[in-house]
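Those protein sequences? They're chains R and S, same order as listed.
Residue numbering for the first sequence follows the working numbering, starting at 1 and increasing by one per position.
Residue numbering for the second sequence follows the working numbering, starting at 1 and increasing by one per position.
Among these hints, one or two may not hold up.
Rough simulated footprint, nothing fancy, chain S against chain R, three-plus residues with beta-carbon under 8 Å [what the hints assert, rightly or not]: (1) 155-165; (2) 175-184; (3) 317-327; (4) 337-348; (5) 405-416.
Calculated pairs, SDA-like style, for lysine to any residue (alpha carbon to alpha carbon, straight line, at most 20 Å) [claimed, not checked]: (6) R/K332 / S/A172; (7) S/K46 / S/D204; (8) S/K104 / R/R398; (9) R/K332 / S/K46; (10) R/K332 / R/R395; (11) R/K332 / S/D73; (12) R/K332 / S/E385.
These aren't lab readings, by the way, just hints derived from the structure by calculation.
Please read all numbers here as calculations on a predicted model, not as lab measurements.
We treat Cβ as the ideally placed atom computed from N, Cα and C, and that holds for glycine.
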Amino acid sequence: MCALSRRAALSAAAAIPALAVLPPAQAAAQPAPSLPSTGTDKPLFGASLWTLPNGLTVVHAENRRAPVVAHYVFYSVGAGEDPQGKSGLAHFLEHMMFKGSEHVPSGAFSRRVAREGGQDNAFTSRDVTAYYQNVEASRLSLVAGMEADRMATARFPAEEAEAERQVVLEERRQRVESTPRGRFREEWDAHFWGRQHWRGRPLIGWPEEVAALSRDDMLEFYRRFYTPANATLVVSGAVSREAVAKLAEEDYGGIQGRPAPYPKAHRGRAPAPPAPLEERLVRREATVQEPAFLRGWIAPSLPPDNEASRHAHPLEVLSHLLGGGRGSRLDKALVQSGLAVTAHCAYDSDALGTGCVELSVTPRRDTTTERLEQAVAAEVQRLLDDGVTDAEVERAIRQITAGTLLALDSLGAAPRILGSTLAVGLPLEGIEYWPARIRAVTRAQVEEAARAVLAQPSMIGWLLPEGAA
Amino acid sequence: MSGTGFSLPIQVVEGGGLTAWLAEDHSVPVVSISWSWPGGAALDPKGQEGASRLAANLMTEGAGDLDALAFADALQDEAIGLDFSADRDSFQGGLRALVPALPKAVRLARLAMTAPRFDAEAVARERARAVAMVRRSLEGPQGRGARAFWAAGFPDNPAGRPAGGTEESLAALTVEQLRAALARHLRRAPGLMIAASGAITAEDLAALLPELFGALPEGKLEDPPALPAFRHFGTQVVPVASPQSAILFGQPGIPVGDPAWETAQLVLRILAGGGFTARLTHSIREERGLTYGIGAGLEVIFDQSVLVGSCATANARVGETLTVLRAEWKRMAESGPTAAEIEEAVAFLTGNQPLQFTDSRRIAAILLAMRRNGRPLDWLARRPERLAAITREQAIKVASRLLAPAELSVTVAGQPEGL
Chain R
1 MCALSRRAAL
11 SAAAAIPALA
21 VLPPAQAAAQ
31 PAPSLPSTGT
41 DKPLFGASLW
51 TLPNGLTVVH
61 AENRRAPVVA
71 HYVFYSVGAG
81 EDPQGKSGLA
91 HFLEHMMFKG
101 SEHVPSGAFS
111 RRVAREGGQD
121 NAFTSRDVTA
131 YYQNVEASRL
141 SLVAGMEADR
151 MATARFPAEE
161 AEAERQVVLE
171 ERRQRVESTP
181 RGRFREEWDA
191 HFWGRQHWRG
201 RPLIGWPEEV
211 AALSRDDMLE
221 FYRRFYTPAN
231 ATLVVSGAVS
241 REAVAKLAEE
251 DYGGIQGRPA
261 PYPKAHRGRA
271 PAPPAPLEER
281 LVRREATVQE
291 PAFLRGWIAP
301 SLPPDNEASR
311 HAHPLEVLSH
321 LLGGGRGSRL
331 DKALVQSGLA
341 VTAHCAYDSD
351 ALGTGCVELS
361 VTPRRDTTTE
371 RLEQAVAAEV
381 QRLLDDGVTD
391 AEVERAIRQI
401 TAGTLLALDS
411 LGAAPRILGS
421 TLAVGLPLEG
431 IEYWPARIRA
441 VTRAQVEEAA
451 RAVLAQPSMI
461 GWLLPEGAA
Chain S
1 MSGTGFSLPI
11 QVVEGGGLTA
21 WLAEDHSVPV
31 VSISWSWPGG
41 AALDPKGQEG
51 ASRLAANLMT
61 EGAGDLDALA
71 FADALQDEAI
81 GLDFSADRDS
91 FQGGLRALVP
101 ALPKAVRLAR
111 LAMTAPRFDA
121 EAVARERARA
131 VAMVRRSLEG
141 PQGRGARAFW
151 AAGFPDNPAG
161 RPAGGTEESL
171 AALTVEQLRA
181 ALARHLRRAP
191 GLMIAASGAI
201 TAEDLAALLP
211 ELFGALPEGK
221 LEDPPALPAF
231 RHFGTQVVPV
241 ASPQSAILFG
251 QPGIPVGDPA
261 WETAQLVLRI
271 LAGGGFTARL
281 THSIREERGL
291 TYGIGAGLEV
301 IFDQSVLVGS
311 CATANARVGE
321 TLTVLRAEWK
331 RMAESGPTAA
341 EIEEAVAFLT
351 GNQPLQFTDS
361 RRIAAILLAM
371 RRNGRPLDWL
381 ARRPERLAAI
391 TREQAIKVAS
401 RLLAPAELSV
411 TVAGQPEGL
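Please model the entire structure based on the sequences and the hints provided.
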């Protein structure tokens, strides 16, 4: 259950913002705040949720640390909904949402927010597109009014599309094309899921497809998916529930939207392939200085709720004990043993439609590819053969829930966690009581989840310096 | 602060001969403490580049009777954040803990500072990781460009060397050299600066200070080599196989204590700040689509600064990007900002202040930076009135003094065309 991180690389569950935070050298990646434990079973955010007659979901979470508010609108649409052959549309459209609406001229949105001391930006992930402003509390109605205006009447001026397309292509070069790791990551997804499968396409789009996106594509996408019934408004900070209710009604209540295109968790996406499409992807590049190893499995996730979703929380625990940092099984077997420099396991339980479990390792240079693969395979086999211990499960649960309350130590964590989770159709209780759900995970469930995923076919990937074996 | 008058009350807390600034706030049960010593990579002897940073990393890799694994579990079991790091001009420590875990966090931090183990396994592992990170940073134009930019701007000075070291220097560091890097910094006085934020009273913080730092020795700090002015090196191309070039540009800044400091920040917000409103973003990104993002600002090194910025653009468009960049630099140097721009930027900088106070680590970091820069306690509280008092004439004068188009040095890493 991780929040969308603003500067995450284009990796699993990544979201990409409309504007680079600058200068890039100082743009610290903000690790996703792990959702975390209170030790009691009080709701984490104490949020309330209701729905307007036009279908808009409204969420309020109060936090009075500073006289500021965060105002977010999440649309339940992301790169996963890009039409066939039009990858990158959700993201390009997000950029163009800053180019004016009926009552807000192009560029004026951000200028007005800045004029009031606020900050604004937006991001697109595979599952959601979100727009947000952080402002001093008395400025809330200004930003809500402008956000509602572009929900109803965004213009997408044709004369500004070409320069913005170039911005998107520069963004793509910067994130993906200019480093061997960026290129490899993109190839990995394409080979794993399929180059035209919604899960295998880059969020930012294939360059030839981005080049061909038209204003009509944008308008059609906008009309279908940008409607109150497909949106979640999250307001958190120094503001009362009553004030948010009034504001939501006044600014958003009058938008006569279309019905939701789908239930938030059931979007008609193609199913995941039964297994990764390939067994192996090896790339050699002259500029690679450090080899990289990946091994991935298709895994179930929470949304949409189905028979396999029961494995999601156990997989969060499994992921931590397998590769959640110092002291994990992979850390012991690969890093402490001297075979590798880093070793991690990643799993995102909130990914809509399908998830994956992914091991990523930076081997030491003198470790052969065979040796590393054997060591990883041995750890996986040991897990499948011998299971896990109660002590391991207990410790993993403790460590992943220990910092729950730290999610309150920032303005952005609450709205990001709430919005990104609700916008994929998961219930509020799943967020508020997440620690209790993790604490309820048993050893038997972890072992069952491990067998359900790690005993299945996987794909192995290597990025190697040129000339390497 | 336009409208609210909100500011952060700062208390000065003394305990055991140590002084900390505190922003107390009990709305969330979390405490952050940040501290620093001057020096950092600037004190790494020639050939030992990266010693301070690697030593800093090793402080949390086993200390006292806890080996690396036990130490890591002690932190993770309670979600304690404890980090040490070294950059160009300082050595820093920081912790964040939920209130119930604070005593344990303090014990672990003290242990890390007074009894780091430097076990052979941990040293080998962290050294390998540091080497891998350094090599990896050189895989793309961004890292290669940054390395060359600083080396050219500060030749023969530690500020021009990579703070994280090089593959060669890291490989050669001995445990004695790493321990010496810690000994150069870790002392209770002089030089130690401390700031805290969150759910802790002044009284409790006063009691905590000697517990955290009391066991450190006293003693004079080494003087770092004098920092020369950032050298103008013209335009430098670093060939990197990439479809896009990383561009870094810079020129000498002004001292942190310069009376024009805040006016310079205002001018730079208008020329090259974050968000969508700055001139560079407008003319290079919005109008021409030349880059995803461009910005520049004053990077402080000791009490001086370098004005440095960056962007990235397709190789074929490097020439055009630089032409527009230089024209904007020149236009601001010659004519300064307009009255409307000043009014907007002052409104932003004033109104934005409360947004800085939402995260305990960030608040502690702001307080620490104020102390390091020699700012008075009421620096933030009086900032709105200082900003409001800046006249257009002053801004024009500072812009022309600060911005030197002919002094702008540029590093282009990639396969640029049109230079």
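Notebook entry, point to check: Checking against the hints above, which ones are violated?
Noted result: When the structure is compared with the hints, numbers 6, 7, 9, 12 turn out to be violated.
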